[in-house]
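Undergrad: Read off the chains here:
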Amino acid sequence: MNFNENRPIYLQIIDFFCDQIMTKEWQTGDRIPSVREIAVQMEVNPNTAIRAFHDLQEEGVLYNQRGVGYFVEEKAFEIVKEKKRREFINNKLPHIFKDMDQLDFTIDDFKIAYQKNSSGQ
Amino acid sequence: MVTIENLTFAFKKNPPLFNQLNLKLEKGNTYGLFGLNGAGKTTLLNLISGMLFPDSGECLIHEAPARERLPKVLSDLFILPEQFELPKMDALKYIDIQAPFYPGFDFETISLILTEFQIDTGKNLTELSYGQRKKFMIAFALASNASLLLLDEPTNGLDIPSKSQFRKIMAAADLDNRCVVISTHQVRDLNTLIDRVTLLHSGTIIFDQTLKSISDKLSFIKLKTDETRSSLYSEDTLGGQFAICLKDPADEETLIDLELLFNGVIQQPEPFNRVFQNGGVL
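Residue numbers (the working numbering), protein chains in the order written: chain B, 103 to 223; chain V, 140 to 421.
Hints listed in this document are in silico derivations from the structure and should not be mistaken for laboratory results. Cβ coordinates follow ideal geometry from the N, Cα and C atoms, glycine included. Keep in mind that the hints are not guaranteed to be accurate.
So the derived list for chain V, only partly shown, Cβ under 10 Å to chain B, looks like this [claimed, not checked]:
(1) Asn-168
(2) Ser-303
(3) Ile-308
(4) Leu-362
(5) Asp-365
(6) Glu-366
(7) Arg-368
(8) Leu-394
(9) Leu-397
In silico PhoX-like links for lysine-lysine, alpha-carbon gap of 25 Å or less [claimed, not checked]:
(10) Lys-194(B) x Lys-166(V)
(11) Lys-194(B) x Lys-363(V)
(12) Lys-200(B) x Lys-307(V)
Go ahead and model the full structure; you've got the sequences and the hints to work with.
TA: Structure (structure tokens):
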């Protein structure tokens with residue numbers, strides 16, 4: 103497992119879980135891998151892995167059935183989508199805007215590029 | 140589990156290596172014991188395991204002095220030295236002879252780990268390569284179920300896939316009721332396994348914090364040349380500096396750069412320790 107960028111490992115685990123939910127790989131009621139399985143896969147101390155599970159449990163994305171494991175909550179998809187939207191607006195957009203300014207890339211250029219990309223798919 | 144109080148120790152005729160050293164090790168933690176070459180990491184592990192005796196002060200394991208080497212202490216402690224000799228016999232014979240010293244020894248665990256590490260249990264231990272012998276001893280250490288595990292540079296001599304296997308095996312081991320101390324200068328091999336950073340320098344423990352509290356209080360960021368932000372420590376890099384700053388509540392948590400932290404604390408421990416004593420204020 104490689105760790106990218108400057109994000110703490112537990113946040114990278116959260117990102118991975120959120121991706122699984124956004125792509126519907128994991129759906130409401132699914133049982134997800136255990137803390138130990140994730141720790142082994144990521145080669146990290148289980149205490150690090152458990153933080154990711156706890157955080158997502160608090161946010162209402164996962165629930166824990168004692169002795170059985172962690173499962174995906176009913177509203178997980180909506181909650182993750184909202185969370186990802188906020189992250190996109192607060193963290194990614196400012197960088198995109200900055201690059202656009204530096205490169206004289208206008209909103210209209212952006213629209214054209216977006217439409218090209220969408221029609222290409 | 141381990142309480143070291145005002146420990147002073149010197150090798151014959153040399154100035155003291157440790158001077159009034161204090162340290163507490165608790166179960167449920169995996170300590171990364173870091174220090175420069177010659178700081179005394181190995182010596183400290185030898186004092187904890189009772190192989191060396193303090194000149195003054197005490198090292199207690201569950202309230203029993205380590206130097207008394209009580210059987211109940213030694214059967215619940217395993218030290219894996221960096222260099223070791225193994226007798227001329229195969230792995231199974233060795234396990235047969237050594238396992239009875241550890242009442243909680245888990246035969247299933249050792250056979251799982253030896254399989255994972257692909258150790259030939261039919262070969263004489265003396266015929267195995269250094270890395271293979273090391274892996275055999277790591278397997279034995281984990282299977283001993285000793286609640287105090289002292290590992291001196293465990294990844295030294297391991298090839299690249301073995302390092303990854305080692306991390307997986309450590310991640311899978313049930314360490315809730317155990318205290319693990321990993322001494323190393325290979326920060327990158329082990330930084331994901333430890334949950335506490337313990338820094339040995341100039342004869343004492345100059346820093347001892349959990350990774351959680353470090354990432355709660357400090358940010359590890361790259362500052363561009365035009366950015367000004369006061370830092371506790373920084374190193375120049377292309378187009379700016381790698382810096383350790385006080386974490387602003389608005390900062391997202393950053394990945395701890397153990398090398399940067401190590402260099403910073405070694406150079407000047409006081410500002411760092413003030414941060415942790417005063418709840419994050421310089």
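Undergrad: Does each hint hold? Answer for all of them.
TA: Going through the hints against the structure:
no.: 1; hint: Asn-168; verdict: holds, 9 Å
no.: 2; hint: Ser-303; verdict: holds, 6 Å
no.: 3; hint: Ile-308; verdict: holds, 8 Å
no.: 4; hint: Leu-362; verdict: violated, 12 Å
no.: 5; hint: Asp-365; verdict: violated, 14 Å
no.: 6; hint: Glu-366; verdict: violated, 14 Å
no.: 7; hint: Arg-368; verdict: violated, 15 Å
no.: 8; hint: Leu-394; verdict: holds, 5 Å
no.: 9; hint: Leu-397; verdict: violated, 13 Å
no.: 10; hint: Lys-194(B) x Lys-166(V); verdict: violated, 41 Å
no.: 11; hint: Lys-194(B) x Lys-363(V); verdict: holds, 19 Å
no.: 12; hint: Lys-200(B) x Lys-307(V); verdict: violated, 41 Å
Hints 4, 5, 6, 7, 9, 10, 12, counting from the list given before, are not met by this structure.
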